[in-house]
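Q: Single-letter residue listing:
Number of protein chains: 2
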Amino acid sequence: MRTAAPLLLTPGPLTTSARTRQAMSQDWGSWDEGFNQLTASLCEQLLAIVNGADSHYCVPLQGSGTFAVEAAIGTLVPRDGKVLVLINGAYGQRLAKICAVLGRSFSTFETAEDQPTTAIDVEHLLLADPTVSHVALIHCETSTGILNPLADIAEVVARHGKRLIIDAMSSFGALPIDARQVPFDALIAASGKCLEGVPGMGFVFARKETLAAAAGNSHSLAMDLHDQHAYMAKTGQWRFTPPTHVVAALHEALVQYHEEGGLPARLGRYADNCQVLLEEMAGLGLRSFLPAAIQAPIIVTFHAPKDPRYQFKAFYERVKAKGFILYPGKLTRVETFRVGCIGQVGRSDMQAAVAAIAEVLREMEVLDI
Amino acid sequence: MRTAAPLLLTPGPLTTSARTRQAMSQDWGSWDEGFNQLTASLCEQLLAIVNGADSHYCVPLQGSGTFAVEAAIGTLVPRDGKVLVLINGAYGQRLAKICAVLGRSFSTFETAEDQPTTAIDVEHLLLADPTVSHVALIHCETSTGILNPLADIAEVVARHGKRLIIDAMSSFGALPIDARQVPFDALIAASGKCLEGVPGMGFVFARKETLAAAAGNSHSLAMDLHDQHAYMAKTGQWRFTPPTHVVAALHEALVQYHEEGGLPARLGRYADNCQVLLEEMAGLGLRSFLPAAIQAPIIVTFHAPKDPRYQFKAFYERVKAKGFILYPGKLTRVETFRVGCIGQVGRSDMQAAVAAIAEVLREMEVLDI
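As given, the protein sequences belong to chains A and B, one line each in that order.
Under numbering that gives the first Met the number 0, the first residue of the first sequence carries the number 0, and numbering increases by one thereafter.
Under numbering that gives the first Met the number 0, the first residue of the second sequence carries the number 0, and numbering increases by one thereafter.
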């Protein structure tokens, strides 16, 4: 049994490195040049991950990832735009809800939670409704861990002269996205996911011309990315008080990201985590919800054991006592639980987590998996 | 000369204690019961500071204080409401801007930056315009450090049957406000001010009946305080990813707040800081912008020296090199700079800061103060 704080096998907040947390041991003046340099370096490094320096601005925003998603839609979709939202999980549903609350016209296309949206679907949808101006999708839907075929969909959207908004919250930094090859108006992610920072800020890569033309679109002062960018470009500062310690932690997390070998190394480690997890859980008889072909190496949904002695809350508490925090399922039709592959964890952590799960199932006398 | 990171004599982010920053050295699962308890304890302690447990809910929100101010206006002012905004500085201006962006009807009443709004002003304004439904004001306007007479204004607003929205960002926790005596619909503050936490979250004390009736008011999904509260009341969790480390730091900062002796002790220390600062700066010939009667012990605006050899940027850099980060002025008519009295600093820090300022003025050969 571990005595330290439990490892988070969750989709963010997740396990960060001691170095990253240590970066929060200093206070920063938000007006100070040293902090401005931290912000500028952060934005530059983030843009480089998507090869977006020529085409996009990086606009950081206070708050959770959802704040940045809402800010992107509110700022970059004109008030007379119409958004086609592609849905196969809770985060796609949330995109549609944001459009509804903001009063943006939208339509939805929903597939089952284990079925990616295809480029052919999008082709048909755009042909059927020429009033659509924007397509919005979730790259990796954290509800299940399903991967949607971003590059293929982006190609169709661009060919039809439409704009693309990508919620890449749980994929950015681990799954490759190249702004020179995948056309998008906005790609949104956050500090506390695959970059392994702490939660508290999001960021939007906004196409330069789109952002320049977006003055006055926003429904909100705090979430106006045009204003946020214009002020930062002029002063080097955030418009309103930045989460200084979160920014410093993300900067330090990026140093380690590059030391590890950047995106290929991060993806390699997560893919290994995912494979080890799937194999060892299969050894216990625990089945993954998604087929391997559409499983992103970010978070894995497992069917809950059928045994009536299994009960998620007790299972969770016992696994936590052994040092691992799991994540509940988010499906309504089937009982599941989730295990994250991301964060400052490796193969041996995944093995230890599965060993803990095995012990707990034995202790709970869960036999019918 | 100090070798450690400079002390922040700024209005937030400010200097926090090592214990508060140390509280960020652990990762928290946002779904975990341990974290839920942290949030619940935080809200309970915050409400107790204003004696608001019977009358108000505490709704925490991701982002900077301005996010919470916008959320309060967007959620608690009905779409057909009209806000009278009292202005004597940049943060009052921002309140008006939020109303404008959100499409809420509003009028403004502006006094000079060294002139508090009075209860008599508000009486006349409410008599003159019966369509006003809400009055919004800044308790302590950080632009200058001026204190507005909150209790008197609140009495007039209540007598006219209107609702009050208080931006108490830089006063909450240090200046007493009692919800049992000062009627308000919303009071807004943030983590990184007089509570001496780190920046990254705000909170709104919302009158229970007002919040209950506020479903559907909000212009935003992320900033909908009704939704945020309803979800938290049901699940114990934040609706969207919380800034876990910021929450843990604020919780630890509150432990120290109580150890120090709560609000009276915090106010006592800041008042002492302010007095020492004013006295020692006066000894150098540096004059404060505000008369003592309307100076809050939060941040002090000083007239810049008249000497042409004084230049803020060089002055700032030299004082920083000696271990103290000052704050620029925010007035357009007169050249000023500001020194904060808040944060984990005491009398000897203020004395050392003034000594550093004196040395720098000598080094810069600034003679005509």
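Careful, some of the hints might be misleading.
Since the list can't tell identical chains apart, any single copy or any two copies may satisfy a pair.
Listed next, the in silico DMTMM-like pairs over lysine to aspartate or glutamate satisfying Cα-Cα at most 20 Å (straight line) [what the hints assert, rightly or not]:
| # | residue 1 | residue 2 |
| --- | --- | --- |
| 1 | K207 | D306 |
| 2 | K321 | E122 |
| 3 | K319 | D226 |
| 4 | K319 | E259 |
| 5 | K305 | E154 |
| 6 | K96 | D226 |
| 7 | K161 | E32 |
| 8 | K305 | D271 |
| 9 | K305 | E258 |
| 10 | K319 | D31 |
It is worth saying that the hints were derived from the structure and are not from the lab.
Q: Give a verdict on every hint.
A: Structure-based check of each hint:
1. K207 to D306: Neither, since 55 Å and 44 Å both go past 20 Å.
2. K321 to E122: neither (49 Å within a copy, 63 Å between copies)
3. K319 to D226: Classified as neither; 44 Å inside a copy, 30 Å across copies.
4. K319 to E259: Neither: 28 Å inside a chain and 35 Å across chains, both beyond 20 Å.
5. K305 to E154: neither (42 Å within a copy, 62 Å between copies)
6. K96 to D226: Answer is between; shortest inter-copy Cα gap is 13 Å, intra-copy 24 Å.
7. K161 to E32: neither (40 Å within a copy, 44 Å between copies)
8. K305 to D271: neither (28 Å within a copy, 66 Å between copies)
9. K305 to E258: neither (44 Å within a copy, 51 Å between copies)
10. K319 to D31: between (41 Å within a copy, 10 Å between copies)
Hint compliance for this structure: hints 1, 2, 3, 4, 5, 7, 8, 9 are not met, and every other hint is.
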